[in-house]
Every structure is written in structure tokens, then in C-alpha cells.
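Keeping their order, the protein sequence lines are chains A and B. Heads up, the first sequence is in our numbering, so the first residue is 1 and it goes up one at a time. Heads up, the second sequence is in our numbering, so the first residue is 1 and it goes up one at a time.
Derived from the structure by calculation, the hints contain no laboratory data. Bear in mind that the values here come from a model prediction, so they are computed numbers and not experimental data. Each residue gets a CB set at the ideal place from its N, CA and C atoms; glycine is no exception. All clues given are correct.
Each computed BS3-like pair below joins lysine-lysine, with the alpha-carbon atoms no more than 30 Å apart:
id, chain 1, residue 1, chain 2, residue 2
1, A, 53, A, 262
2, A, 338, B, 100
3, B, 44, B, 123
4, A, 290, A, 338
5, B, 78, A, 383
6, A, 224, A, 165
7, A, 285, B, 16
8, B, 100, B, 9
9, A, 290, B, 9
10, A, 53, A, 238
11, A, 383, B, 110
12, A, 383, B, 44
13, A, 169, A, 118
14, A, 285, B, 9
15, A, 383, B, 100
16, B, 100, A, 214
17, B, 16, B, 85
18, B, 16, A, 383
19, B, 100, A, 112
20, A, 338, B, 89
21, A, 338, B, 110
22, A, 214, A, 17
23, A, 338, B, 9
24, A, 338, B, 16
25, B, 84, B, 16
26, A, 224, A, 143
27, B, 9, A, 383
28, A, 53, A, 226
29, A, 224, A, 112
30, A, 6, B, 9
31, B, 89, A, 383
32, A, 368, B, 9
33, A, 17, B, 9
34, A, 238, A, 118
So the derived label-pair ranges between C-beta atoms look like this:
id, chain 1, residue 1, chain 2, residue 2, range
35, A, 295, B, 48, 58 to 64 Å
36, B, 32, A, 265, 43 to 49 Å
37, B, 6, A, 367, 31 to 37 Å
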Amino acid sequence: MNPYEKIIYFDNNATTKTDDEVISVMLPFLGEMYGNPSSMHTFGGQVAKDIRKAREQIATALGAVLPSEIVFTSCASESSNMAVRSILESNPEKKHLITTQVEHPCVLNLFKWLERHKNYKVTYIGVDSEGQLNLDELKVSIKEDTILVACMWANNETGVIFPIKEIGKIIKEKNPNTYFFVDAVQAFGKIPVDLSDGIIDLLSISGHKFHAPKGIGALYIRNKIKLRPLLIGGHQEKSRRAGTENVAGIVAMGHAAELAVKYLEDENTRVRALRDKLEQGIISKIPYTKINGIGTERVPNTTNISFEYIEGELILLHLSDLNICASSGSACTSDTLKPSHVLDAMGVPFSFLHGSIRFSLGRYNNEKEVDYVLEIMPQIIEKLARISPFRK
Amino acid sequence: MWDYTDIVKEHYRNPKNVGEILDANAIGEIGSVVCGDVLKLYLKIDENEIITDAKFQTFGCGSAIASSSVLTEMLIGKSIEDAKKITNKTIIDYLGGLPKEKIHCSVMCKEVLDECLKNYYEKKK
Chain A
1 MNPYEKIIYF
11 DNNATTKTDD
21 EVISVMLPFL
31 GEMYGNPSSM
41 HTFGGQVAKD
51 IRKAREQIAT
61 ALGAVLPSEI
71 VFTSCASESS
81 NMAVRSILES
91 NPEKKHLITT
101 QVEHPCVLNL
111 FKWLERHKNY
121 KVTYIGVDSE
131 GQLNLDELKV
141 SIKEDTILVA
151 CMWANNETGV
161 IFPIKEIGKI
171 IKEKNPNTYF
181 FVDAVQAFGK
191 IPVDLSDGII
201 DLLSISGHKF
211 HAPKGIGALY
221 IRNKIKLRPL
231 LIGGHQEKSR
241 RAGTENVAGI
251 VAMGHAAELA
261 VKYLEDENTR
271 VRALRDKLEQ
281 GIISKIPYTK
291 INGIGTERVP
301 NTTNISFEYI
311 EGELILLHLS
321 DLNICASSGS
331 ACTSDTLKPS
341 HVLDAMGVPF
351 SFLHGSIRFS
361 LGRYNNEKEV
371 DYVLEIMPQI
381 IEKLARISPF
391 RK
Chain B
1 MWDYTDIVKE
11 HYRNPKNVGE
21 ILDANAIGEI
31 GSVVCGDVLK
41 LYLKIDENEI
51 ITDAKFQTFG
61 CGSAIASSSV
71 LTEMLIGKSI
81 EDAKKITNKT
91 IIDYLGGLPK
101 EKIHCSVMCK
111 EVLDECLKNY
121 YEKKK
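Given these sequences and hints, build the entire structure.
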């Protein structure tokens, strides 16, 4: 047990704690404000107004031109599926897609599925050893029949930021008819997101990554792009996403988005300083370590550290025994028993690949927690190094 | 999060018989760094073919460490003939079970034991 006898939560890229303020804003909608926003009576109509407000809050936070460019969904996976499948359905004659080798599974597996079952040809753009996208490879891959490029803004495992506006410009210069979908799940709330320049056509976010609850996400779709629904039924979301609205989730995410913008500076100063202290402390105290992606631009809260010849799951289990939450790209922590496809694409050597730990900090972390992790980390690694056949 | 038994947890937290045996008369190694699992087993076997000491070094996850640790615990004091009767199932039972994705850890333990005994007979020749 750590001295604070509470969880040290360094896994904010996995999910975040719902902000207390957000909870108090959403609670009435789980209680007395139970009206259906589609109802004709004032009781339901009031709820519709609250949804409208949330949509405006999201639109403002993203720099969207119109609130109607925001569609509420259940999660980022739904947003991504809706975005990609809608574009493909509207343009059935074009059969080439581009994405990156380091995408989140919600995009990567969708593209693999389209390749396997729908006869699409997919180009997976690679990254360099720091995890930065190969823009030349992207440029030459865009063809006449490339209907869509899907690319993440910030990587969930390493925090590496792609130059998304530059990528957007490359796409439109090469083929103005190619749509550009961005997974901004790990970018929003960590770096400024502004869609007013119209470079990005579609973009997904997920509430629970920025202190809203789980089960709510949004899709931005640039005005005048037709969105075909995945869920067909009622007229909700202008018939773009049927189903009675998750009112509490929507209201919560609206408020959380406003807070995310307000806390952006804190994220980029205080949280960044904590992250830097943590990773610099670890590499200076522990030999045979490597920080993945340190040579390029990263979001301020994430560090991905590899410990040579020590298996990541084992480190996580020892951290967990001390109530410290982190995550790993180790094969042994995944159901597929395959190591991180992100680190693999970066060409991280096998001796480091299996020993990666991701610490992702956030709004509620403090320096005491960083100091404690810096104190116990060398002890854990020293203990585990004794078990490894390759470490002396 | 894997659903590890208390016995598995105890063994990855405090693994028994970690290290090398410098005068081992049987050494086995299995796995590869590429896959992220390497098990190395050292045995000291006396003239009556009784295993008097066993140590291990493992690069792997919690269940690989736990499986290796209980393997050495089971081996110490056993005759070679009895050691041969150990299967991956014996290891799983000793641990009170393993998640199905982690069964391969126990299989690797059985394989490293086989390698070790093969090495013992080769050295004896």
C-alpha cells in the first residue's frame, strides 16, 4: 500500500475520473429531469434545451462552425464507425483507403474488416523510430480513388502528436475529393483543437477521456457533408443517429468539454512538469530504460517507458500491489498476446518491446504522487531484474 | 486484468528459488526474446538421481514467473523418475488454476523441464 492509502491514478489515457462538477451538472437528468427531449410537453422540451446547450458547448470547445456539425454518439468507436462507413456508403465507387500503422484498434480493426469483407484496398502508413508519421509515404499513397484518410491526432500509447493540419493540407492538395477523418480522442483536452479552418472533415471524441462519464462520445462532421446513420430509426440527431438521447451523458460531456478547454493551460504547464519530472527521474535512476517517442512532439501528460528485458505485465502487477495504476503495451496484458503494434511499428527492439509501461497523468495528479512513484520504481525494477536471465 | 489466484500472486510477488546454480549438472532454456518469454532452469542432481536443488531465471509475465517458481518448488527433493511425471496440468493444479490465455506458461515450464533432463543425460554420456 502506498503511503497515501489511495489510488495513484496514472492511467488517464485509459479513462479519467468524472469531474465532481460534471457529476453535479448531470445528476438532475438521472433524477427529476427525466423528460424525453422529443416530447411535445414543456417538461421534455426543457431537456431538449439542455441538449442544445451541450451541443453548443462541444461545438465551441472544438472550434466548429455550427452546433449542427456535432452528433452525439455512445463512444468514439461508434463515432469512428459512423464516420468511416458513412463516407464509404456515399461514395461506393472508390475503393482505396489510407490509415496509419499506429491507429487505435477502433479504426485499425475497422479498416482490416473493410479490407477483408468489403474489397477495399488499404494503405497503412508507417512511422519512424520516434513514432512520427512518414509524410512522404502518405503523399505518394493518395490516389484518384482514395476516398478517405483516417488518422489519429495524438497516439494513445506514446502520446506522439501528428501534424494533423499539415496532413490535411497534403491530402487536399493531392486529392480535394478525399475525405479526412481524425481520431482526436487523445488530443482533445491535451492540446488545442480548432476545426474552424475546415481542414478536417470528420473528427471523433470520447467523453470519458476528458472527465465526463463513460458511454458518451461525439462525432464532428463538417457542414454539408452528408452523414448516413448507422442506427436507423427515430428522428433524433436530425435522423443521423436514432435512439433516445443519453441526456445525462450529453449534458455531462458538454460541461466537461468546457472544463477541458479551461484546464488546457494547466495540462500544458503543471501536468507537463509532472510528466517530465517522472520520466526524467526514471531514466536517471534506472539503467537500461528508453522513452518511446521522446524525440518528437508529444501530448503533455503521457510517457511511454521501456525497461529492457523486464516484462511489462510483471511491472504493472507490482505497481498495482502498491495501488499505482499504469498500463502496458506488453503482449501479456492483451487478450491476443501480441505486443504493442505501435511500438512494433516504431521498430522498438524486442528486448524493450515487451517491457513498456505507459504512465498517463491528468488534472488530479500531484507532485507527491510522482515523488512516490520515483521512489518505488527503482526498487521494483531492481527486484525484477534479479529474476530476468538477461540482466545482471 | 487477469484473474490470478492467490497462489499465482504469492509466487510472482515472492518467487522462490530465483537465480543460477553455478555447479548445475542440468540446464535447460526455452522461449525467445522476440515472443517475450524466456525460461531458464538449473538443476543439481545427485548420484542417486535425486534433484537436490533447482533454480530459475525467467523473462516473462506474472504467470510465467509463478509457474517457474512452483516448478522449482515441486522439483526439489524429487527423483528424476518422479520429475518426469510432472505435466503442465500438475503446474496449473499447484497454482490453483491459470487464465486460459496463460496456459502456455505452464506448457513452457514442462518444456524447459524436458530440455533440462535431456541436457542431464547428454552430460552424463
